[in-house]
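Given the sequences, and given the hints that come with them, work out the whole structure.
Numbering of the sequence shown is given in my numbering, commencing with residue 1 and proceeding in unit increments.
Rather than coming from a laboratory, the hints here were simulated on the basis of the structure.
It is possible that some hints are incorrect.
[Stated by the list, open to error] In the DSS-like style, the derived pairs of lysine-lysine whose C-alpha atoms are separated by at most 30 Å in a straight line are: (1) Lys142 <-> Lys42; (2) Lys52 <-> Lys67; (3) Lys142 <-> Lys81; (4) Lys42 <-> Lys69; (5) Lys37 <-> Lys98; (6) Lys42 <-> Lys188; (7) Lys42 <-> Lys98; (8) Lys37 <-> Lys194; (9) Lys37 <-> Lys181; (10) Lys188 <-> Lys69; (11) Lys188 <-> Lys37; (12) Lys181 <-> Lys194; (13) Lys67 <-> Lys187; (14) Lys52 <-> Lys81; (15) Lys147 <-> Lys67; (16) Lys187 <-> Lys42; (17) Lys81 <-> Lys42; (18) Lys42 <-> Lys181; (19) Lys42 <-> Lys194; (20) Lys52 <-> Lys194; (21) Lys98 <-> Lys81; (22) Lys81 <-> Lys69; (23) Lys52 <-> Lys187; (24) Lys81 <-> Lys67; (25) Lys188 <-> Lys67; (26) Lys42 <-> Lys96; (27) Lys96 <-> Lys37; (28) Lys188 <-> Lys96; (29) Lys96 <-> Lys52; (30) Lys81 <-> Lys188; (31) Lys96 <-> Lys181; (32) Lys81 <-> Lys147; (33) Lys81 <-> Lys96; (34) Lys98 <-> Lys187; (35) Lys142 <-> Lys69; (36) Lys194 <-> Lys96; (37) Lys96 <-> Lys187; (38) Lys37 <-> Lys187; (39) Lys42 <-> Lys52; (40) Lys147 <-> Lys52.
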Amino acid sequence: MRSYKISKNNSILIIIGTLIISLLINVYSSVMNSRYKLLIGKETYNSVREIKTRNESILSLLDQCIKAKSVTNEEMLVLYKNYTVISNEYNNLWSKYKDYGKEEIISFNKKSKTLDYSTEMPNQVYSRIETLLFEYLSLEMKNHNEKIILEGNVIEDFISMNNMSQSLNDFYIDFNNTNIKDVDEEKKESIYIKNEYWVDILNGINSVVEPYLNYDYTLEK
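Written as C-alpha coordinates, this is what we have:
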(Lines of atoms letter the chains of each structure in order from A; the text may use other names.)
(Lines give C-alpha, C1' and ligand atoms only; values in the text may rest on other atoms or scores of the structure.)
Protein backbone atom coordinates (compact mmCIF):
# COMPACT_ATOMS: atom_id res chain seq x y z
CA MET A 1 0.00 0.00 0.00
CA ARG A 2 1.44 3.34 -0.99
CA SER A 3 1.83 6.17 1.46
CA TYR A 4 1.52 9.69 0.20
CA LYS A 5 3.66 12.42 1.60
CA ILE A 6 2.96 16.08 1.16
CA SER A 7 6.03 17.81 -0.08
CA LYS A 8 7.30 21.03 1.43
CA ASN A 9 6.27 22.95 -1.68
CA ASN A 10 2.76 21.50 -1.56
CA SER A 11 2.48 22.41 2.12
CA ILE A 12 3.40 25.98 1.32
CA LEU A 13 0.82 26.08 -1.48
CA ILE A 14 -1.88 24.75 0.84
CA ILE A 15 -1.04 27.34 3.47
CA ILE A 16 -1.02 30.14 0.89
CA GLY A 17 -4.31 28.90 -0.56
CA THR A 18 -5.92 28.80 2.88
CA LEU A 19 -4.72 32.32 3.63
CA ILE A 20 -6.07 33.62 0.32
CA ILE A 21 -9.46 31.99 0.91
CA SER A 22 -9.57 33.41 4.43
CA LEU A 23 -8.65 36.86 3.11
CA LEU A 24 -11.36 36.70 0.45
CA ILE A 25 -13.95 35.67 3.03
CA ASN A 26 -12.93 38.55 5.30
CA VAL A 27 -13.07 41.04 2.43
CA TYR A 28 -16.49 39.75 1.36
CA SER A 29 -17.78 39.92 4.93
CA SER A 30 -16.46 43.45 5.33
CA VAL A 31 -18.10 44.60 2.09
CA MET A 32 -21.44 42.97 2.96
CA ASN A 33 -21.25 44.37 6.47
CA SER A 34 -20.70 47.90 5.16
CA ARG A 35 -23.50 47.61 2.59
CA TYR A 36 -25.94 46.26 5.17
CA LYS A 37 -25.10 48.96 7.70
CA LEU A 38 -25.45 51.65 5.02
CA LEU A 39 -28.87 50.36 3.97
CA ILE A 40 -30.16 50.07 7.54
CA GLY A 41 -28.53 53.38 8.42
CA LYS A 42 -30.35 55.26 5.66
CA GLU A 43 -33.71 53.71 6.52
CA THR A 44 -33.38 54.37 10.24
CA TYR A 45 -32.07 57.91 9.68
CA ASN A 46 -35.27 58.69 7.78
CA SER A 47 -37.32 57.27 10.67
CA VAL A 48 -35.34 59.32 13.20
CA ARG A 49 -35.91 62.53 11.22
CA GLU A 50 -39.58 61.77 10.63
CA ILE A 51 -40.21 61.24 14.34
CA LYS A 52 -38.42 64.49 15.16
CA THR A 53 -40.38 66.49 12.58
CA ARG A 54 -43.76 65.03 13.52
CA ASN A 55 -43.09 65.55 17.21
CA GLU A 56 -42.26 69.22 16.61
CA SER A 57 -45.60 69.61 14.82
CA ILE A 58 -47.41 67.85 17.66
CA LEU A 59 -45.74 70.01 20.31
CA SER A 60 -46.66 73.23 18.54
CA LEU A 61 -50.28 72.18 18.05
CA LEU A 62 -50.70 70.87 21.60
CA ASP A 63 -49.35 74.14 23.02
CA GLN A 64 -51.85 76.02 20.90
CA CYS A 65 -54.81 73.82 21.90
CA ILE A 66 -54.00 73.89 25.61
CA LYS A 67 -53.78 77.69 25.57
CA ALA A 68 -57.11 77.89 23.70
CA LYS A 69 -58.59 75.21 26.02
CA SER A 70 -60.16 73.57 23.00
CA VAL A 71 -59.26 71.49 19.96
CA THR A 72 -61.10 71.48 16.65
CA ASN A 73 -61.82 68.33 14.68
CA GLU A 74 -59.30 69.46 12.06
CA GLU A 75 -56.62 69.87 14.72
CA MET A 76 -57.53 66.50 16.22
CA LEU A 77 -57.14 64.90 12.80
CA VAL A 78 -53.69 66.47 12.35
CA LEU A 79 -52.63 65.20 15.77
CA TYR A 80 -53.96 61.74 14.99
CA LYS A 81 -52.06 61.56 11.69
CA ASN A 82 -48.82 62.75 13.29
CA TYR A 83 -49.08 60.26 16.14
CA THR A 84 -49.83 57.51 13.63
CA VAL A 85 -46.64 58.31 11.72
CA ILE A 86 -44.56 58.42 14.91
CA SER A 87 -46.04 55.12 16.08
CA ASN A 88 -45.21 53.48 12.74
CA GLU A 89 -41.68 54.88 12.59
CA TYR A 90 -41.04 53.98 16.22
CA ASN A 91 -42.13 50.40 15.53
CA ASN A 92 -39.96 50.45 12.42
CA LEU A 93 -36.90 51.38 14.48
CA TRP A 94 -37.58 48.53 16.87
CA SER A 95 -38.09 46.11 14.00
CA LYS A 96 -34.81 47.19 12.38
CA TYR A 97 -33.00 46.90 15.70
CA LYS A 98 -34.22 43.34 16.29
CA ASP A 99 -33.19 42.32 12.76
CA TYR A 100 -29.90 44.20 12.94
CA GLY A 101 -27.11 41.84 13.80
CA LYS A 102 -28.97 38.61 13.04
CA GLU A 103 -26.61 37.97 10.15
CA GLU A 104 -23.37 36.43 11.37
CA ILE A 105 -21.26 39.08 9.64
CA ILE A 106 -23.07 41.93 11.38
CA SER A 107 -22.12 43.18 14.82
CA PHE A 108 -22.49 46.44 16.72
CA ASN A 109 -19.42 48.60 17.14
CA LYS A 110 -19.94 48.98 20.86
CA LYS A 111 -21.61 46.91 23.55
CA SER A 112 -23.30 50.11 24.70
CA LYS A 113 -25.34 50.01 21.50
CA THR A 114 -27.28 46.95 22.60
CA LEU A 115 -30.76 47.42 24.07
CA ASP A 116 -32.84 45.26 26.34
CA TYR A 117 -35.73 43.87 24.29
CA SER A 118 -37.98 44.23 27.34
CA THR A 119 -37.79 48.00 26.82
CA GLU A 120 -39.74 47.59 23.60
CA MET A 121 -42.94 48.11 25.60
CA PRO A 122 -42.80 51.95 25.43
CA ASN A 123 -43.85 51.83 21.78
CA GLN A 124 -47.32 50.86 23.06
CA VAL A 125 -47.74 54.38 24.45
CA TYR A 126 -47.92 55.98 21.00
CA SER A 127 -50.38 53.31 19.87
CA ARG A 128 -52.65 54.07 22.84
CA ILE A 129 -52.52 57.82 22.16
CA GLU A 130 -53.28 57.15 18.51
CA THR A 131 -56.33 55.09 19.51
CA LEU A 132 -57.46 57.72 22.03
CA LEU A 133 -57.37 60.53 19.45
CA PHE A 134 -59.26 58.40 16.95
CA GLU A 135 -61.97 57.74 19.55
CA TYR A 136 -62.20 61.44 20.41
CA LEU A 137 -62.49 62.35 16.75
CA SER A 138 -65.09 59.66 16.04
CA LEU A 139 -67.18 60.73 19.04
CA GLU A 140 -67.18 64.41 18.10
CA MET A 141 -68.09 63.68 14.48
CA LYS A 142 -70.88 61.39 15.65
CA ASN A 143 -72.23 64.14 17.90
CA HIS A 144 -71.75 66.73 15.15
CA ASN A 145 -69.48 68.84 17.33
CA GLU A 146 -66.84 71.02 15.70
CA LYS A 147 -64.47 71.09 18.65
CA ILE A 148 -63.72 69.57 22.03
CA ILE A 149 -63.51 71.71 25.13
CA LEU A 150 -60.38 70.83 27.05
CA GLU A 151 -61.42 70.27 30.63
CA GLY A 152 -61.35 67.53 33.24
CA ASN A 153 -59.74 64.28 32.10
CA VAL A 154 -59.46 65.53 28.53
CA ILE A 155 -57.13 68.40 29.34
CA GLU A 156 -55.14 66.08 31.62
CA ASP A 157 -54.61 63.79 28.64
CA PHE A 158 -53.48 66.69 26.48
CA ILE A 159 -51.13 68.06 29.15
CA SER A 160 -49.61 64.60 29.53
CA MET A 161 -49.13 64.31 25.77
CA ASN A 162 -47.64 67.80 25.69
CA ASN A 163 -45.17 67.00 28.48
CA MET A 164 -44.03 63.85 26.70
CA SER A 165 -43.69 65.70 23.41
CA GLN A 166 -41.66 68.46 25.09
CA SER A 167 -39.35 65.88 26.69
CA LEU A 168 -38.77 64.21 23.33
CA ASN A 169 -38.08 67.55 21.70
CA ASP A 170 -35.57 68.41 24.44
CA PHE A 171 -33.87 65.04 23.98
CA TYR A 172 -33.43 65.59 20.24
CA ILE A 173 -32.03 69.08 20.82
CA ASP A 174 -29.56 67.88 23.46
CA PHE A 175 -28.48 64.87 21.40
CA ASN A 176 -27.91 66.85 18.22
CA ASN A 177 -26.09 69.64 20.06
CA THR A 178 -23.79 67.06 21.62
CA ASN A 179 -23.12 64.93 18.55
CA ILE A 180 -23.71 66.90 15.35
CA LYS A 181 -23.50 70.54 16.37
CA ASP A 182 -22.25 72.80 13.55
CA VAL A 183 -22.22 69.82 11.13
CA ASP A 184 -23.35 70.59 7.58
CA GLU A 185 -26.81 69.24 6.79
CA GLU A 186 -25.54 66.97 3.99
CA LYS A 187 -23.00 65.36 6.36
CA LYS A 188 -25.41 64.59 9.20
CA GLU A 189 -26.75 61.42 7.63
CA SER A 190 -23.30 59.88 7.13
CA ILE A 191 -22.33 60.70 10.73
CA TYR A 192 -25.54 59.12 12.04
CA ILE A 193 -24.89 55.98 10.00
CA LYS A 194 -21.18 55.71 10.87
CA ASN A 195 -21.80 56.01 14.62
CA GLU A 196 -25.06 54.04 14.64
CA TYR A 197 -26.73 56.99 16.34
CA TRP A 198 -30.17 55.63 15.45
CA VAL A 199 -29.72 53.07 18.24
CA ASP A 200 -28.97 55.89 20.69
CA ILE A 201 -32.05 57.75 19.46
CA LEU A 202 -34.21 54.65 19.93
CA ASN A 203 -32.87 54.26 23.44
CA GLY A 204 -33.54 57.95 24.11
CA ILE A 205 -37.13 57.71 22.88
CA ASN A 206 -37.64 54.70 25.13
CA SER A 207 -36.40 56.72 28.11
CA VAL A 208 -38.73 59.62 27.29
CA VAL A 209 -41.80 57.45 26.78
CA GLU A 210 -41.26 54.94 29.59
CA PRO A 211 -42.64 57.19 32.41
CA TYR A 212 -45.98 57.25 30.54
CA LEU A 213 -46.35 53.48 30.28
CA ASN A 214 -48.93 53.39 33.06
CA TYR A 215 -50.81 56.53 32.03
CA ASP A 216 -54.39 55.65 31.14
CA TYR A 217 -54.79 57.02 27.61
CA THR A 218 -58.38 55.85 27.26
CA LEU A 219 -61.62 57.66 26.52
CA GLU A 220 -63.75 58.09 29.62
CA LYS A 221 -67.10 56.42 29.00
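Worksheet item: Hint by hint, which ones does the structure fall short of?
Response: 1, 4, 10, 13 and 25
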